[in-house]
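Chain order of the listed sequences is A and B.
Here the first sequence stands for residues 1 to 80, numbered as in this note's numbering.
Here the second sequence stands for residues 1 to 125, numbered as in this note's numbering.
The set of hints was computed from the structure by calculation and includes no laboratory data.
Please note that a few of the clues may not be correct.
Unchecked claim - Distance ranges between label pairs, derived from CB positions:
#1 N102/B - K14/A: 43 to 51 Å
#2 T87/B - K68/A: 19 to 27 Å
#3 P11/A - Y89/B: 14 to 22 Å
#4 G20/B - G28/A: 49 to 57 Å
#5 V43/A - E53/B: 14 to 22 Å
#6 K38/A - P11/B: 19 to 27 Å
#7 R107/B - G28/A: 53 to 61 Å
#8 K60/B - E78/A: 13 to 21 Å
#9 H101/B - S30/A: 53 to 61 Å
#10 R107/B - N25/A: 52 to 60 Å
#11 E26/A - T87/B: 29 to 37 Å
To be verified - Residues of chain B clear of chain A, computed beta-carbon distances all greater than 10 Å:
#12 Q29
#13 E33
#14 G49
#15 S54
#16 S58
#17 N62
#18 P71
#19 A73
#20 V82
#21 P85
#22 T87
#23 G94
#24 D96
#25 L105
#26 L121
#27 C123
What the hints assert, rightly or not - Straight line, CA to CA, 25 Å or less: simulated BS3-like cross-link-like pairs of lysine-lysine:
#28 K14/A - K79/A
#29 K58/A - K99/B
#30 K60/B - K14/A
#31 K35/A - K60/B
#32 K35/A - K12/A
#33 K68/A - K108/B
Bear in mind the structure is a predicted one, so any value in this text is a computation, not a measurement.
All C-beta atoms, glycine included, are put in the ideal place defined by N, C-alpha and C.
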Amino acid sequence: MEIKIFGTGCPKCKALHQAVVETLNEMGLSADVKKVEKLDEIVQAGVMLTPGLMVNGKLKVFGKVPGKEDIKRYIEEEKQ
Amino acid sequence: MADTCTCAAAPVLIFPCSGGSNVGQIANQAAVELTKEGVGKLFCLAGIGGHVESFIESSKGNRLVVIDGCPTACAKKIFDHVNLPVTDYIVVTGLDIKKNHNFDLERKDIEKVCAEVKKRLQCNL
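Isolated chain A (complex conformation) (with noise of 0.2 Å):
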């Protein structure tokens, strides 16, 4: 599984990618977790507001640090 996190260094940015990382711990998973934080990069990914997040190519909520059980959800919908 491979996890974008879409940011440019800022707060949120970094507590998206610490939730996204303790939630994988909590569902015993592993994945790739990526940082993108050039600018053109988040811009082409369709993130309208940082941060951002995707989930095996899809992108799945940006512009708000979402909860746990939403980061759950969002991993089990692409965990097949």
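Following the hints, complete the assembly by docking chain B onto the known chain A.
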């Protein structure tokens, strides 16, 4: 914090109908100018209308300002379809701006819509 951070504008999302009349385009221009001023962030109504999950998911829990040009209320109906609650709703013709199909937009009309949005945002904090 990074200079290019786009987090700050997140809480107020602005969705103009952007319809094919003066009032639709006044709504759009007002949303552009409110975004440039930092009042909120112009968001993609088409993304909501297209039921793009990430757009719907990202709109949840935010303050959603919807600006329709006329009482046909196309933008509002899009939100009804996806069960997203609109927090602030403005109809341009409701501000004594007459609908026509002339796209030479009046500056004063755009400013009137911008002022109304700002007033609503202050009143409904």
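Hints versus structure:
no.: 1; hint: N102/B - K14/A: 43 to 51 Å; result: holds (49 Å)
no.: 2; hint: T87/B - K68/A: 19 to 27 Å; result: holds (25 Å)
no.: 3; hint: P11/A - Y89/B: 14 to 22 Å; result: violated (32 Å)
no.: 4; hint: G20/B - G28/A: 49 to 57 Å; result: holds (53 Å)
no.: 5; hint: V43/A - E53/B: 14 to 22 Å; result: holds (19 Å)
no.: 6; hint: K38/A - P11/B: 19 to 27 Å; result: holds (25 Å)
no.: 7; hint: R107/B - G28/A: 53 to 61 Å; result: holds (59 Å)
no.: 8; hint: K60/B - E78/A: 13 to 21 Å; result: holds (19 Å)
no.: 9; hint: H101/B - S30/A: 53 to 61 Å; result: holds (58 Å)
no.: 10; hint: R107/B - N25/A: 52 to 60 Å; result: holds (55 Å)
no.: 11; hint: E26/A - T87/B: 29 to 37 Å; result: holds (33 Å)
no.: 12; hint: Q29; result: holds (19 Å)
no.: 13; hint: E33; result: holds (18 Å)
no.: 14; hint: G49; result: holds (15 Å)
no.: 15; hint: S54; result: violated (4 Å)
no.: 16; hint: S58; result: violated (5 Å)
no.: 17; hint: N62; result: violated (7 Å)
no.: 18; hint: P71; result: holds (29 Å)
no.: 19; hint: A73; result: holds (24 Å)
no.: 20; hint: V82; result: holds (15 Å)
no.: 21; hint: P85; result: holds (16 Å)
no.: 22; hint: T87; result: holds (15 Å)
no.: 23; hint: G94; result: holds (28 Å)
no.: 24; hint: D96; result: holds (33 Å)
no.: 25; hint: L105; result: holds (25 Å)
no.: 26; hint: L121; result: holds (18 Å)
no.: 27; hint: C123; result: holds (24 Å)
no.: 28; hint: K14/A - K79/A; result: holds (23 Å)
no.: 29; hint: K58/A - K99/B; result: violated (40 Å)
no.: 30; hint: K60/B - K14/A; result: holds (21 Å)
no.: 31; hint: K35/A - K60/B; result: holds (24 Å)
no.: 32; hint: K35/A - K12/A; result: holds (13 Å)
no.: 33; hint: K68/A - K108/B; result: violated (46 Å)
Of the hints listed earlier, those the structure fails to meet are numbers 3, 15, 16, 17, 29 and 33, in rising order.
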